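Chemist: The primary structure of each chain is shown beneath.
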Amino acid sequence: DTGVSQNPRHKITKRGQNVTFRCDPISEHNRLYWYRQTLGQGPEFLTYFQNEAQLEKSRLLSDRFSAERPKGSFSTLEIQRTEQGDSAMYLCASSSIQGGNTEAFFGQGTRLTVV
Amino acid sequence: GNSVTQMEGPVTLSEEAFLTINCTYTATGYPSLFWYVQYPGEGLQLLLKATKADDKGSNKGFEATYRKETTSFHLEKGSVQVSDSAVYFCALSPYGNNRLAFGKGNQVVVIP
Numbered sequence: 001d002t003g004v005s006q007n008p009r010h011k012i013t014k015r016g017q018n019v020t021f022r023c024d025p026i027s028e029h030n031r032l033y034w035y036r037q038t039l040g041q042g043p044e045f046l047t048y049f050q051n052e053a054q055l056e057k058s059r060l061l062s063d064r065f066s067a068e069r070p071k072g073s074f075s076t077l078e079i080q081r082t083e084q085g086d087s088a089m090y091l092c093a094s095s096s097i098q099g100g101n102t103e104a105f106f107g108q109g110t111r112l113t114v115v
Numbered sequence: 001g002n003s004v005t006q007m008e009g010p011v012t013l014s015e016e017a018f019l020t021i022n023c024t025y026t027a028t029g030y031p032s033l034f035w036y037v038q039y040p041g042e043g044l045q046l047l048l049k050a051t052k053a054d055d056k057g058s059n060k061g062f063e064a065t066y067r068k069e070t071t072s073f074h075l076e077k078g079s080v081q082v083s084d085s086a087v088y089f090c091a092l093s094p095y096g097n098n099r100l101a102f103g104k105g106n107q108v109v110v111i112p
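As given, the protein sequences belong to chains A and B, one line each in that order. The opening position of the first sequence corresponds to residue 1 in our numbering, with each subsequent residue numbered one higher. The opening position of the second sequence corresponds to residue 1 in our numbering, with each subsequent residue numbered one higher.
The hints are simulated quantities; they were obtained by calculation from the structure and are not laboratory data. Bear in mind the structure is a predicted one, so any value in this text is a computation, not a measurement. We put the CB at the ideal spot given by N, CA and C, even for glycine. Be careful, since some hints might not be right.
[As the list claims (entries may be wrong)] Here are the simulated DSS-like cross-link-like pairs (lysine-lysine), alpha carbons at most 27 Å apart as the crow flies:
1) B/K49 to A/K57
2) B/K104 to A/K57
3) A/K11 to B/K104
4) B/K104 to B/K56
[Claimed, not checked] Quick look at which bits of chain B chain A covers, simulated, 3 or more residues with Cβ under 8 Å:
5) 36 to 45
6) 102 to 112
Let the sequences and hints guide you as you build the complete structure.
Modeler: This is the structure we're talking about:
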């Protein structure tokens, strides 16, 4: 396993378009997280899944954002009708709850630029 | 709510100098505490962690001690190298939940 994989690495889109990002977690990890990071800030939590169930969503996740993890493996994050304020790095992380382990492993992120 | 505060501004220091980055937190219950590092062009990597009061996390010469009485988790390294240049993030996760709350991060630049 090569770790958490995110695609694409970079995405430039016009305002108003829809975009979708994919995250492939570490294979035995049952928890998957999405974060957003803007320039000069730390990552901010968006949502997380345990297996295929979406257990928590941040208030940052507006109605234009939707995340899925249909088979409890990979996840997608879709942003509809993108706005310039959506420009950020979108990070995915995964972890296992086995044995009380609290370490999350991060992917390299997808950098979104809305023009 | 849960939050993390890191000292303001980038940190620039010479090779072999002593590094301290301050981190304080606000949380309910007994969170786990972490330092993550982001090297240029790479993803976030866990540097060290501590899961209960008075625990000391350590890795690659870095150390941080979970101080419940001062709600702090300051990062230290006795002798930095140029390769330690990176952005360092302090983070917490509430008890029983891996959801992380991050500080703003500190850019560390080590000059030869």
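Chemist: Against this structure, judge whether each hint is valid.
Modeler: Structure-based check of each hint:
At roughly 25 Å between alpha-carbon atoms, B/K49 and A/K57 fall within 27 Å of each other, so this suggested pair holds. For the hint linking B/K104 to A/K57, the alpha-carbon distance of about 21 Å falls within 27 Å, and the restraint holds. Distance restraint check for A/K11 and B/K104: the Cα-Cα separation of roughly 24 Å lies within the 27 Å cut-off, and the hinted pair is therefore satisfied. About 22 Å separates the Cα atoms of B/K104 and B/K56, which keeps this hinted pair within 27 Å; it holds.
Counting residues of the region 36 to 45 of chain B whose beta-carbon sits less than 8 Å from any beta-carbon of chain A gives 5, enough to reach three: the coverage restraint holds. Three residues within the 8 Å Cβ limit are the bar, and the region 102 to 112 of chain B against chain A gives 4, so the coverage statement holds.
In the structure shown, no violation is registered for any of the earlier numbered hints.
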